Amino acid sequence: MATYYVRDDGNDANTGLGSTTALAWRTVQKALGATGISSGDTVYIAPGVYRENVTIAGTYTAATYIIGDPTAAQFAGVSQGLVRLTNYLTLDTVAGSGTIISSGNKNYLNFSYLYFDGSATMLSLGSSVECVIENCAFVGSSLTASVGITGSVTTGVTTNNVIRKCMFSTGSYGINYTCGVNHSSDWSAGISVQSCAFIGCSSVTASSAAVRFVKGAGGLNTNLAGGITVVNCYIQSSVIGVYFESISNTTYPTNVRNCLIANCGTAIVGRTTTVNLQDYNRIIGCTTTLTNVATGANTVTVGPVMLDIGISQLFGLLAKQTWFSALPGSLNIGFGDPTGALTTDLFGATWFNGGSDPDAGALTSIQLSNTSYYQPTERNASTITIAPGSTSQSIELYLGATGLTASTSGLSARYNRTRTASVSIPLVARTIAQAWTSGGFAEVDATNMPGVYRLDIPDAALAAGADDVTVVVRGASGTNGAVMTVKLSSGGLTAAQTASAVWDEAVASHVTPGTFGLVTLETNQTTYNNSQDLLYVPGLVWDEAKSTHNIAGTFGERLQPNVLADDLLARDIGSGSSAGSINERTVRSALRGLRNKTTVINNEMTVYKEDDASTAWSATVSSSDSSKTITGVDPA
Amino acid sequence: MNLQNFRIEKEPAPSTDWRVFGDIEDDAGNILGTFGVDGTSVNQWWVTQDEQFQAGIVNQFAVIMAQQIISGDAE
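Respectively, the protein sequence lines represent chains A and B. Just so we're aligned, residue 0 is where the first sequence starts under numbering that gives the first Met the number 0, counting upward by one. Just so we're aligned, residue 0 is where the second sequence starts under numbering that gives the first Met the number 0, counting upward by one.
Careful: at least some of the hints might be erroneous.
Stated by the list, open to error - Only some residues are given here: those of chain A computed to face chain B with a beta carbon under 10 Å:
1. S140
2. T143
3. N262
4. T272
5. L276
6. T287
7. T298
What the hints assert, rightly or not - If you anchor each label on the Cβ, the simulated ranges turn out as follows:
8. A:L219 <-> B:I56: 31 to 37 Å
9. B:R6 <-> A:G302: 40 to 46 Å
10. A:G284 <-> B:A65: 45 to 51 Å
11. A:L219 <-> B:I69: 36 to 42 Å
12. B:R6 <-> A:N159: 39 to 45 Å
13. A:N159 <-> B:A65: 38 to 44 Å
14. B:Q59 <-> A:G284: 15 to 21 Å
15. B:R6 <-> A:G284: 22 to 28 Å
16. B:Q67 <-> A:G333: 56 to 62 Å
These are computed hints drawn from the structure, not numbers from a lab. Quantities reported herein were computed from a predicted structural model and do not represent experimental measurements. Even glycine gets a Cβ: it sits at the ideal position worked out from N, Cα and C.
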């Protein structure tokens with residue numbers, strides 16, 4: 000199970016066990032010769048031109064792989080390119096000769112990603128069995144001699160050979176197989192041709208065909224090889240499309256299915272209608288549809304071919320397709336039947352209607368624009384932050400094209416929140432100055448800010464509960480679209496972090512008059528004992544003109560002229576503290592003596608409270624003995 | 000147009016002619032015509048074709064003839 004390498008600057012004296020120049024072999028012949036790879040091994044062939052007539056000399060009993068590496072994935076430092084095997088042995092300007100690869104009747108060969116280019120037979124499988132040829136191209140340069148693949152089936156042997164996803168454009172046959180003769184019983188050659196394209200593969204000779212299987216020379220037309228299927232092939236402009244020349248049997252009939260055979264002399268030729276079957280084919284523009292082949296109930300012979308032979312590129316359409324793929328709406332799409340068909344087409348694309356619903360032909364509808372047209376670039380991928388739960392938010396996106404509007408064909412917008420499905424944002428036409436509306440879309444300034452657009456984000460996109468929201472605008476002509484991620488955050492710090500950042504900040508650096516910082520600094524007596532600052536606020540208070548502060552109920556109002564005096568004079572003398580203390584010597588007590596009830600009995604003067612019953616204070620009254628004239632009051 | 004029961008046979012020597020046999024059918028299997036019970040002679044049919052058609056076929060033969068001349072397979 001070793002891996003070997005061939006490159007056009009290698010050396011056959013190397014071990015072949017490495018991909019570098021110093022280790023890789025130089026020729027394909029070395030790799031497939033007697034001293035090359037062994038059964039089960041793999042050999043990679045680097046991009047380059049290999050002018051050889053190779054005869055395989057190894058013996059293989061398990062799948063052995065001969066893989067072209069046109070992308071140079073296995074060869075560091077080597078540029079991509081065709082892995083071209085050609086029989087132009089010296090120069091392309093000198094006639095070629097010989098078979099490019101002869102299998103030597105060896106088995107278990109798996110060829111892939113090779114470009115055969117020659118004027119004679121390109122790959123001769125001989126009587127090899129258990130072989131797979133896939134993703135190879137065969138381009139011929141001789142009207143009568145260039146054949147893609149030839150082979151022979153030994154009488155009675157089932158080969159299990161598969162030819163799939165290959166392209167043929169040869170002068171003579173695409174595939175030409177001789178299938179033994181006159182076995183003792185019906186038998187299956189066991190050959191499948193799947194999802195291949197044949198363009199003009201036949202010379203002018205009457206029996207030439209894109210795909211031909213013919214019985215061996217001599218013998219009776221009994222017990223001939225059958226069991227050959229041709230499925231999902233596109234065959235264009237051949238004398239005969241598929242030719243089962245005097246072969247097949249009732250036990251193992253041949254079958255042609257899901258093929259598009261266009262503009263051929265005869266689409267399918269068989270031996271008899273009972274052993275050569277066909278169905279689900281579109282046979283278009285052929286002079287003769289079927290010769291000695293069963294009529295398939297689902298085969299059609301009327302209608303257009305409907306392939307893109309470079310049409311989308313010719314017309315400069317944005318929705319470019321691969322050449323020879325089915326045109327959008329083509330009747331080929333989904334025409335086939337899944338029995339015996341691959342789930343993918345020649346280029347490996349899943350059939351347009353899904354893997355279980357194949358087309359007719361080899362190439363389904365493949366729009367290159369789906370993969371190349373929309374490629375958001377890094378310049379359009381940006382991130383902004385919006386607080387979760389924000390509403391009526393607009394963002395600006397760079398789309399790289401002017402003149403886009405909410406109704407521009409193909410333009411669409413979507414968003415997705417963390418780990419949730421995407422949601423469409425229906426676009427609504429806005430001018431740049433109009434108020435927010437969900438999906439509002441407006442060009443900012445086509446002249447001075449070309450390519451920049453405003454998009455009004457739906458409130459639901461910014462609701463709390465997600466880490467971020469990704470917004471995509473895409474699909475219109477001339478723009479790669481834009482991707483913007485909106486981080487749902489209140490500013491990058493948590494509430495606790497924000498609080499710490501404020502409260503732990505040194506106030507000394509925040510002294511701008513009129514700010515909280517200065518107020519905090521001036522009142523911080525412990526840390527900043529600055530008398531000037533400490534006196535600043537009191538100074539403002541005491542120095543403030545009282546005339547401007549006269550709002551009722553404020554200190555200022557109480558300090559207005561006479562206010563306090565009036566309050567004092569209007570004070571109910573029954574109020575206040577010590578109101579009940581006997582013999583108090585207060586303004587109140589004095590005023591009681593002047594205003595309240597007073598009695599003098601037996602030299603005792605009593606001054607009553609405002610109820611004229613309770614004693615406020617008393618005093619001894621002294622007088623002369625004769626006249627009782629009061630001569631003095633001596634309060635206690 | 001489909002051909003069923005189709006075959007070609009070479010006439011016995013000294014004739015160099017070929018005969019074509021079979022039924023000519025439409026896609027529904029209806030027989031539109033036949034080559035006749037005794038088949039149709041290619042040589043007899045050939046001379047009935049107009050010159051433009053014959054010239055087109057001869058041009059195709061010419062390519063093969065030229066290759067055989069170059070390869071020494073034809074005189």
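Hint check:
no.: 1; hint: S140; verdict: 14 Å, violated
no.: 2; hint: T143; verdict: 6 Å, holds
no.: 3; hint: N262; verdict: 15 Å, violated
no.: 4; hint: T272; verdict: 6 Å, holds
no.: 5; hint: L276; verdict: 14 Å, violated
no.: 6; hint: T287; verdict: 5 Å, holds
no.: 7; hint: T298; verdict: 8 Å, holds
no.: 8; hint: A:L219 <-> B:I56: 31 to 37 Å; verdict: 33 Å, holds
no.: 9; hint: B:R6 <-> A:G302: 40 to 46 Å; verdict: 31 Å, violated
no.: 10; hint: A:G284 <-> B:A65: 45 to 51 Å; verdict: 29 Å, violated
no.: 11; hint: A:L219 <-> B:I69: 36 to 42 Å; verdict: 37 Å, holds
no.: 12; hint: B:R6 <-> A:N159: 39 to 45 Å; verdict: 32 Å, violated
no.: 13; hint: A:N159 <-> B:A65: 38 to 44 Å; verdict: 41 Å, holds
no.: 14; hint: B:Q59 <-> A:G284: 15 to 21 Å; verdict: 19 Å, holds
no.: 15; hint: B:R6 <-> A:G284: 22 to 28 Å; verdict: 26 Å, holds
no.: 16; hint: B:Q67 <-> A:G333: 56 to 62 Å; verdict: 47 Å, violated
Checked against the numbered hints listed earlier, the structure breaks hints 1, 3, 5, 9, 10, 12 and 16; every other hint is satisfied.
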